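> Chain by chain, the residues:
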Amino acid sequence: MSHIVIDDKQCKACYLCIDECPKKLIKVSDKVNNLGARPVEFYDPNGECLGCAMCATRCPDLAIREVYRG
Amino acid sequence: MTTTLNKSEGKVLIKGNYAIANAAVIAGCQCYFGYPITPQSEIGEFMSGKMQELGRAYVSAESELGAINMTIGACSTGVKAMTSSSSCAISLMQEGISYACSDELPVVIVSVMRGGPGLGNIYPSQGDYEQAVIGGGNGDYRIIVLAPGTVQECVDLTYKTFYLAHKYRMPAMLLADGLLGQMMEPCLFGDYPYPEVDNSEWMLTGAKNRHRRVIRSYAPLAEDQCVFLNKLFNKYKVLEENEVMYDEYMVDDADIVVMSFGSMGRNVKSAVKACREKGLKVGAFRPLTLFPFPNRKIEELSHSAKKILVTEINMGQMLRDVRLAVNGRIPVEFLGKPVGSMIDIEDIVKKIESMIEV
Amino acid sequence: MATQVFKVPDIMIDGFKFGFCPGCDHGVAMRLVAECLDELNLQENTICASAIGCSVCIYDYINVDTIEAPHGRAIAEATGVKRAKPDKFVFTYQGDGDFASIGLAESMHAALRGEKISAICINNTNYGMTGGQLGPTTMVGQVTTTSPTGRNLEYYGYPMKIAEQFALCDGVAFSARVSLDTVPNIRKAKAAIKKAFEYQIKGLGFSFVEILSSCPTNWRMTPQKAHDRVRDEMMKVFVPGVYKDILESKQV
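Residue numbers (my numbering), protein chains in the order written: chain A, 1 to 70; chain B, 1001 to 1358; chain C, 2001 to 2252.
Just chain A, same shape as in the assembly:
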């Protein structure tokens, strides 16, 4: 199943990935990370992720570490 892996310790909360996701599967977390930022989290209850890697391509901090398709 397509999905992404986020390292929330690397996320600086620029939220560029949120706009990129064609399925709107990335949202701001309620938690606060080690940088004092509210990182993004992957939320895909219905298995909609396409594995397009747009989010990871956009992420300037390589916080989205892995993307799987299929």
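Simulated from the structure, these hints should not be mistaken for lab results.
All figures in this text were calculated on a predicted structure; none of them were measured in a lab.
Positions of the beta carbon are idealized from the N, C-alpha and C atoms, including for glycine.
Where hints are given, some of them may not hold.
Said to hold, decoys possible - Straight-line distance between alpha carbons at most 25 Å, and here's what the computed SDA-like set of lysine to any residue pairs gives:
#: 1; chain 1: B; residue 1: Lys1167; chain 2: B; residue 2: Tyr1249
#: 2; chain 1: C; residue 1: Lys2088; chain 2: B; residue 2: Tyr1058
#: 3; chain 1: A; residue 1: Lys9; chain 2: C; residue 2: Lys2194
#: 4; chain 1: C; residue 1: Lys2202; chain 2: B; residue 2: Ala1207
#: 5; chain 1: C; residue 1: Lys2195; chain 2: A; residue 2: Lys24
#: 6; chain 1: A; residue 1: Lys24; chain 2: C; residue 2: Gln2004
#: 7; chain 1: C; residue 1: Lys2088; chain 2: B; residue 2: Arg1142
#: 8; chain 1: B; residue 1: Lys1208; chain 2: C; residue 2: Ile2201
#: 9; chain 1: C; residue 1: Lys2017; chain 2: B; residue 2: Tyr1218
#: 10; chain 1: B; residue 1: Lys1278; chain 2: B; residue 2: Met1250
#: 11; chain 1: A; residue 1: Lys27; chain 2: C; residue 2: Val2005
#: 12; chain 1: B; residue 1: Lys1208; chain 2: C; residue 2: Lys2195
#: 13; chain 1: C; residue 1: Lys2007; chain 2: A; residue 2: Pro22
#: 14; chain 1: C; residue 1: Lys2194; chain 2: A; residue 2: Lys24
#: 15; chain 1: C; residue 1: Lys2194; chain 2: C; residue 2: Met2235
#: 16; chain 1: A; residue 1: Lys24; chain 2: C; residue 2: Thr2222
#: 17; chain 1: C; residue 1: Lys2017; chain 2: B; residue 2: Glu1333
#: 18; chain 1: A; residue 1: Lys24; chain 2: C; residue 2: Arg2229
#: 19; chain 1: B; residue 1: Lys1235; chain 2: B; residue 2: Arg1142
#: 20; chain 1: C; residue 1: Lys2088; chain 2: B; residue 2: Ser1060
#: 21; chain 1: C; residue 1: Lys2161; chain 2: C; residue 2: Val2239
#: 22; chain 1: C; residue 1: Lys2202; chain 2: B; residue 2: Lys1167
#: 23; chain 1: B; residue 1: Lys1297; chain 2: B; residue 2: Glu1333
#: 24; chain 1: C; residue 1: Lys2017; chain 2: A; residue 2: Asp8
#: 25; chain 1: A; residue 1: Lys23; chain 2: C; residue 2: Gly2150
#: 26; chain 1: A; residue 1: Lys27; chain 2: C; residue 2: Pro2184
Stated by the list, open to error - Using C-beta positions, here's what the derived DEER-type ranges look like:
#: 27; chain 1: A; residue 1: Asp44; chain 2: C; residue 2: Gly2150; range: 42 to 52 Å
#: 28; chain 1: A; residue 1: Ile18; chain 2: C; residue 2: Met2129; range: 39 to 49 Å
#: 29; chain 1: C; residue 1: Lys2017; chain 2: B; residue 2: Gly1139; range: 24 to 34 Å
#: 30; chain 1: C; residue 1: Glu2233; chain 2: B; residue 2: Asp1198; range: 35 to 45 Å
#: 31; chain 1: C; residue 1: Gly2150; chain 2: B; residue 2: Thr1038; range: 10 to 20 Å
#: 32; chain 1: A; residue 1: Asp44; chain 2: B; residue 2: Asp1198; range: 21 to 31 Å
#: 33; chain 1: A; residue 1: Pro22; chain 2: C; residue 2: Ile2013; range: 25 to 35 Å
#: 34; chain 1: C; residue 1: Thr2149; chain 2: A; residue 2: Pro22; range: 36 to 46 Å
#: 35; chain 1: A; residue 1: Met1; chain 2: B; residue 2: Leu1229; range: 55 to 65 Å
Fit chains B and C to the known structure of chain A by using the hints.
Relative to chain A, chains B and C alone:
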């Protein structure tokens, strides 16, 4: 220069600049980077042909900033590389020299001094003693400085400059002047007399079968910078212990020791001979290494001699280092002029005689 | 069975953490460089000359032999490295201030000599690390900390179009400008970097890629707005495209 020198068995009559360049080639200099400036342009001219002929690298750099940094880049790969220039253009290299010290790279710089400050003129001068020995780059650093006084010494000390730069992994400068660069004297090249230094522990080759290496001077933490500079200055101490070189002539019983460096030593020696013929107890002393400076030897001389005379083609630069080494024990007098031909032998003799009369 | 379509490039240093401001495109540009080095299998044969400014940090992230050059001198040091070791892959990663202002003479003469090195230049229209001052690419009208009323031509003169200028140098094999404002453009940027690297490997000459990047902190913008600015303002003046490609006889 039409003849292609390389090694030679017997003596050849050759200009100082060509002698330096040919010695660098024999020393195994793989890359030369430079920008023309009188009175050292023959070095680049010789190198442009010779390096191509040998399949080595020559780049006619866009500026001395480019030249010194290209030399740094080449040295970072462990090869022998050099640049050469003169006074006002050595000024442009000061940034690179500071970086090369911090990077601990064996950059070889030849400085053939002319008149200054500013554009000055192209007459011989020794006004860049302080530029070489103290330097104008930022931060605490030293570079090795060797000062030849004859064309033969240009050859011998070029070899030594390459060797010491690599042995101590730091920049080294051959400090000649326009007189030496332009004069012809017979000299012998022979072979490069020093062992090759193994740079394999630090040189950049691409991170194959080992961790990658970074040659950098950026030290974000003050503590790291302290550790590094202490290490650097310990290295300078080792140099001062082991690598001091000087030329002395009849100093053992001398009441007056005349000190000079580089080409000025030639007339000083003649003046001392003339004084000896008159029965005056005079000797000559000439550091070959300006850093490390022969502080200890000069201190010894300040116990055995009654007075010291420093002569330079400048307004008194080595003078200060001599005074520091003498530390007020005996009078240190100065005879100099800012630029031009060497001070006449008669004038030196006159000065010595005046010091004895008083 | 899902296949992995994105990973952290192998050449990134273990445990690295980009130190850039949130939303800064330096992270994207460095990742693209890393991906190209990986894909061309260059890790063991590469020597990088790093520059001064935000780009200096490259050696904290990419695992290759690196020499840190003084401000503006990365190209000169890369030249020295390449001349000493012509079989090595040598590249620089610089900002526009480093490449096109303080280091312009070094950069342009290396381009004219056709040094077989690759230069990556980040254009973010200001000096980022020092707090957003006017630089060689600051746009007409742009407010910076040293152009408080905007860059007016009477007072500051014109910005430089780097990729076009370098395409005019005969020693240049490849000169392109790319943008990181959208994902499709990021992919184009990677293709250009890869081509620049390949042209060095083929020994064709100096290869150059100018990358339009955002600097949200100094532009006082959100990362999203900053990309809008790249697209709406920068790309209209600094038009992306390939300005020289000697294999396709493309020349300005």
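> Please go over all the hints and tell whether each is borne out by the structure.
Checked hints:
no.	hint	in the structure
1	B:Lys1167 <-> B:Tyr1249	29 Å, violated
2	C:Lys2088 <-> B:Tyr1058	18 Å, holds
3	A:Lys9 <-> C:Lys2194	30 Å, violated
4	C:Lys2202 <-> B:Ala1207	21 Å, holds
5	C:Lys2195 <-> A:Lys24	34 Å, violated
6	A:Lys24 <-> C:Gln2004	21 Å, holds
7	C:Lys2088 <-> B:Arg1142	32 Å, violated
8	B:Lys1208 <-> C:Ile2201	18 Å, holds
9	C:Lys2017 <-> B:Tyr1218	18 Å, holds
10	B:Lys1278 <-> B:Met1250	14 Å, holds
11	A:Lys27 <-> C:Val2005	22 Å, holds
12	B:Lys1208 <-> C:Lys2195	24 Å, holds
13	C:Lys2007 <-> A:Pro22	20 Å, holds
14	C:Lys2194 <-> A:Lys24	31 Å, violated
15	C:Lys2194 <-> C:Met2235	21 Å, holds
16	A:Lys24 <-> C:Thr2222	20 Å, holds
17	C:Lys2017 <-> B:Glu1333	62 Å, violated
18	A:Lys24 <-> C:Arg2229	24 Å, holds
19	B:Lys1235 <-> B:Arg1142	10 Å, holds
20	C:Lys2088 <-> B:Ser1060	21 Å, holds
21	C:Lys2161 <-> C:Val2239	9 Å, holds
22	C:Lys2202 <-> B:Lys1167	37 Å, violated
23	B:Lys1297 <-> B:Glu1333	18 Å, holds
24	C:Lys2017 <-> A:Asp8	12 Å, holds
25	A:Lys23 <-> C:Gly2150	40 Å, violated
26	A:Lys27 <-> C:Pro2184	22 Å, holds
27	A:Asp44 <-> C:Gly2150: 42 to 52 Å	45 Å, holds
28	A:Ile18 <-> C:Met2129: 39 to 49 Å	28 Å, violated
29	C:Lys2017 <-> B:Gly1139: 24 to 34 Å	29 Å, holds
30	C:Glu2233 <-> B:Asp1198: 35 to 45 Å	55 Å, violated
31	C:Gly2150 <-> B:Thr1038: 10 to 20 Å	47 Å, violated
32	A:Asp44 <-> B:Asp1198: 21 to 31 Å	57 Å, violated
33	A:Pro22 <-> C:Ile2013: 25 to 35 Å	32 Å, holds
34	C:Thr2149 <-> A:Pro22: 36 to 46 Å	42 Å, holds
35	A:Met1 <-> B:Leu1229: 55 to 65 Å	57 Å, holds
In summary, the structure is inconsistent with hints 1, 3, 5, 7, 14, 17, 22, 25, 28, 30, 31 and 32 from the numbered list given earlier, while agreeing with the others.
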